[in-house]
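Asks: Those sequence lines, one after another, are chains A, B and C.
Taking the numbering used here, I'd label the letters of the first sequence as residues 1 to 321.
Taking the numbering used here, I'd label the letters of the second sequence as residues 322 to 578.
Taking the numbering used here, I'd label the letters of the third sequence as residues 579 to 1133.
Everything labelled a hint here was simulated from the structure, so no lab data went into it.
The beta carbon of each residue, even a glycine, is placed where N, CA and C say it ideally should be.
Among the hints, erroneous ones may be present.
SDA-like cross-link-like pairs, simulated, lysine to any residue; straight-line CA separation at most 20 Å [as the list claims (entries may be wrong)]:
1. C:721 with A:46
2. C:750 with C:1021
3. C:1021 with A:37
4. C:978 with B:543
Looking from chain A toward chain B, a few residues come up when the C-beta cut is under 7 Å (computed) [stated by the list, open to error]:
5. 33
6. 35
7. 38
8. 143
9. 146
10. 266
Covered stretches of chain A, as calculated for chain B (at least 3 residues, CB under 8 Å) [unchecked claim]:
11. 134 to 141
12. 218 to 229
13. 298 to 305
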Amino acid sequence: MSARYLVRRLIQVPPAVGAILAVAFLLIHAAPGDPVLALAGEHGDAAYYSEMRARFGLDRSVPEQFAVFAANLVRFDLGTSYVHGRPAIDVISERIPSTLLLTGSAFALSTGIGIALGLFAASRVRRAGDLAVSLASLSLQATPSFWLAQLAILALGLAAGWFPIGGMTSARSSATGLAAALDVVHHLVLPAAVLAATELAVVARLMRTGLLDELAQDYIRTARAKGLSELQVLTRHALRRALIPVVTVVGSRVGHLLAGAVIVEAVFGWPGVGRLLLSSVQTRDTPIVLGIFLLIATTVILANLATDLVYARLDPRIRHG
Amino acid sequence: MGAGIAVLVVALAALADVLAPGSPFAPVGPPLSPPTTTHLLGTDDLGRDLLAGIVHGIRTSAIVAAGVAVIALPLGLAVGAAAGARPSRLDDVLMRFTEIWQVLPRFFLAVMVIALFGPGLDRIVIVLGLTSWPVLARIVRAELLSVREREFVEAARATGSSELRIVWRQMVPHALPAAVAYVAILLAQVILVESSLSFLGLGDSNQMSLGYLAGQAQRFLRVAWWLWLFPGAALIAMVLALNLLADAVNDRIRRAQ
Amino acid sequence: MLRRLSVLVWLVTLASACAPAASPLPSSASPAASPAASPSAASSAAAAGGGGTLVVAIGADPGHLNPAITTSGGTHTASELLYNGLVGLDGDLQPVPELAESWKVEDDGATYRFKLREGVTWHDGTPFTADDVKFTFEEVLLKLHSRTRASVAPALETIEVVDPLTVVFHFKQPYAPFLQQLDVTEAPIVARHVYEGSDPVENPANLEPVGTGPFTFVSYSPDEEIKLARNESYWAPGLPKLDEVIMRVMPETGSQVIALEAGEVDWIWGVPGPDEERLDADPEIELLRTDRNPGGSNCVMTISFNLDRPVLQDLRVRQAIAHAVDRQQFVDRVLFGQGRVAEAPISSGIPWAHGTSVPLPAFDVAAAAALLEDAGWKAAASGPRTASAVAGVEDGTPLKLDFLHFPAFGRYAELLRTQLAEIGVDLQLEPLEPPVFADTVFKARDFDTNIISYCNGLDPEVGVRRMFDSAQIGPVPFSNAAAYRNEEVDALFTEALGVVDRDARGEIYRRLQDLVVADQPYVWVVETTAVRAYRLPCQSFVPYAQFAEAATCAP
């Protein structure tokens, strides 16, 4: 893609982040009560509140407050979480790896399986296989992730006993190295599968539509005429172009996956950012809620950016824009 | 078929009080009883009838969906029409604005609003409504863009109709199918978001909700499978219906083109 | 193409991990990472602990591990194994030596002289002395532990350190219940050399505790698990037997039961009613029933009325609500039989003090409705009652009350809402997590009604007085929530304190209960019992305090 496009796209990021900060700032000040309570949570003591007041400049004028607020947040300074007694940013970043593991696995699973299913459906278009995939996709898209999670626990955890029903590690295990990693993977299967399930329908549908569109093109007929097998036609020619729409939705998928992760972490007791968000909302620990909101929003913005850049590489029309 | 289910759901929601009179929160039967003839879908640990809970839960979902539609539709239509009717500065401003607005993660925004303002159905409706209209506006705008240079619009202009009339009478109706398709999908998402929030305990504790019922099932997964199955099934039915409806409308649009 | 996908994933990874994790992660979540695990593993091979590892499920993250600054059940459950009190309390509630080897009660109960055990050390090796006791009481318990603060603080004159192993408590008047308030639940002793000069609430030792108890602290992964190891130099010979105790945070009681049945955990603190029968029948699982809990014993689920609110100042309204509460239904539906109807303000777990001459208001919807009509709340065709000539309330106001509760007590809330709907009261539920609840109820006093599990303790002075004493109205959590003021009641409490004869004391408490029942500042609903469950071959538990001190999991 051209340098101009790259620059143009990158310039759009700061205002987006600024908008997120503005929304958060407005909400905090619109909330009932003293803004310091909203910002610092409800059960600090006088010393804690005056520290938060000073840190966020709450006795200055509103535009100045926003400047201080934005400056703090850009430096990742969210203040101290009274509930945990530590800087909020530390509490949050401790949990990131486990959520990353969960959502990353779910992303990979849903992309891989979704593409495979889409391929399968396109190759069996309008026959039984295609219909089956369509039906499955439609149902999965309509299924709430908590229902699926509970089903997984019931069927594969309780009834069959194949997988543990909660946590990231076994309580008793003092395993190290590979055994410990395998233990984590064993605990990861159900939550990641559930999280992936609701997402793969989107990928499968897009893949199928994209493939079908490509397969109708002239150059495919040429390829077929040249004597290539159906499989070769599919994978060598159509697939690349058909993947483009799949790539474009990555940004929104990241948003969905992260939202789904909150539910899945709650049901499976997975110790990640989602569970932290839930407990922080319940204890009105606002610095952490704010931090997680901003983290997620920024991740989505960056995911969208990455998607656009990759898309620009893939789509020849934009390449020279 | 999707439309059929949707109509059924709306009817159920409206008739909730008739079908299941009394509060769905009242203990009326033996605790944790499986489906029987007196309690068609079983009871929970407090002895509350699950069917009553589900019917009232459907009503809550319908209320939230309707609320969001009431906020998002007029805003989306109005702004989208204004932007798409003719080339102007407003168009550019709108596009920038909606691009930024679109990246707001809806679910997390709702969670933060609940953290700051406390739980309540009204907050959920407002947050979801205000974050949904930008995409609708874009869709309406796109539809209008494709129409505004067409012959029948030129003809209408030639006869001297006011711009407003042209937009309203000729162009907007053209955008309606796409708008309806989007709103159907939107409402499906809204229902899922509300139920997820209630499942996590962040919903309105004074309103019966399908998510709440699903959350209560967690403790009794082993002994009371009906508590897990039916609320989820109701949700799946509603969301499926809306998705099918959207698909059907989209098919119609594609065929018309 | 694969390359592109991987770039994408990397970018997303980069984005999410961008928040600087510059500070070294404390107590990492991965099982291999706790460095302190190795000493206990090594020593259990060397010494003869041999009891194996006990895995415990706890229902909530404790937040911190200092039981002296709070009465929160969560914190006490997780931390009582790390500490001791001056005495322990056996099954008959009689004091047995712990940190105190012997004691003498002098001056009819106005002076308590304790001879402390020799050779006790803190987990970091520092010797335990009488200074630790004096410091703990003066700087920590009497300021921050709500029950001890409410009962001991006003009665205590001074604490005297005679020599490093002798400490004397001087009371202004004879103080009968003192020995019942000195166990690890009511008065855990913390280290002076750790806490001196700091704010006990903020001190980082709350997350890396140093105690004298049977187990030492190894690691704490917030929201995940707490690891404890055998205290090699514990003062009780041959104890503890267990090598390691691992506490896993599992918020769902359903998951705890499943984990117990699957063998993933060995001990759970509470068995939900519907599961009790099944677990009882399981040959690998044993049950223990008790009224004593970490954080408090003899607990009564109590509804409080905020007497500062005009709506609730009319006695008839309060009595009407009391009549509308079907207490037996709570025992049946919410407790599944694990508990009793509350028959008097003081728990039946303190039999010598429990009882009133007149029974509590019986379940009588008609009587309740009549009382409300009398009080000016007229029944409406649909919906809640409306006011008509009610003092301090505008005509036509609907009878709506908010009801604050821990999310864990959600079932109580929902059942109550239904029961009160029968008499035309619209109860608005507000679930609040414990810290927020404590602030809203006690600091801000922003509530109409709420429900609290008031644990009476083992003597009415410990956990009952704070509910009724007008001096206990204030920001300390779980004090006098109703803001009840009655000079006669205050006087009776003070009188009972100085009487040593138990029967005579009981009489005074019964008179007092008659008075508070007549005033109805609270509705006493049910007395709760806990059912603990553990998995064989683990055994030799007690269902409270340092529950695993003598336990072993080796067959």
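Asks: Check whether three or more residues of the segment 218 to 229 of chain A sit with their beta carbon closer than 8 Å to a beta carbon of chain B.
Replies: violated (count 0)
Asks: Given residue 38 (chain A) as an interface hint, is the shortest Cβ-Cβ distance to chain B below 7 Å?
Replies: holds, 6 Å
Asks: Would the stated hint for residue 143 (chain A) survive a check requiring a Cβ distance to chain B of less than 7 Å?
Replies: At 6 Å from the nearest chain B Cβ, residue 143 (chain A) passes the 7 Å test, so the hint holds.
Asks: Just to be careful: measuring from the Cβ of residue 266 (chain A) to every Cβ in chain B, is the smallest value less than 7 Å?
Replies: With a closest approach of 6 Å, the residue 266 (chain A) hint holds.
Asks: So, residue 35 (chain A) near chain B? Judge it on the closest CB pair being under 7 Å.
Replies: Residue 35 (chain A) check fails; min Cβ-Cβ to chain B is 10 Å, beyond 7 Å.
Asks: Is the Cα-Cα distance between residue 721 (chain C) and residue 46 (chain A) 20 Å or less?
Replies: holds, 17 Å
Asks: Given the hint that residue 978 (chain C) pairs with residue 543 (chain B), test it: the Cα-Cα distance must not exceed 20 Å.
Replies: Violated, because 38 Å separates the two Cα atoms, which is more than 20 Å.
Asks: Regarding the pair residue 750 (chain C) and residue 1021 (chain C), is the alpha-carbon distance no greater than 20 Å?
Replies: violated, 30 Å
Asks: For the segment 298 to 305 of chain A, do at least 3 residues have a Cβ located nearer than 8 Å to some Cβ of chain B?
Replies: It holds: at least three residues are needed, and the segment 298 to 305 of chain A offers 3 whose Cβ sits within less than 8 Å of chain B.
Asks: Are three or more residues of the segment 134 to 141 of chain A within 8 Å, CB to CB, of chain B?
Replies: holds (count 3)
Asks: Need the status of pair residue 1021 (chain C), residue 37 (chain A): alpha-carbon distance at most 20 Å?
Replies: holds, 14 Å
Asks: Under 7 Å is the threshold here; is the Cβ of residue 146 (chain A) close enough to any Cβ of chain B for the hint to stand?
Replies: holds, 5 Å
Violation of the numbered hints given earlier is confined to hints 2, 4, 5, 6 and 12; the remaining hints are satisfied by the structure.
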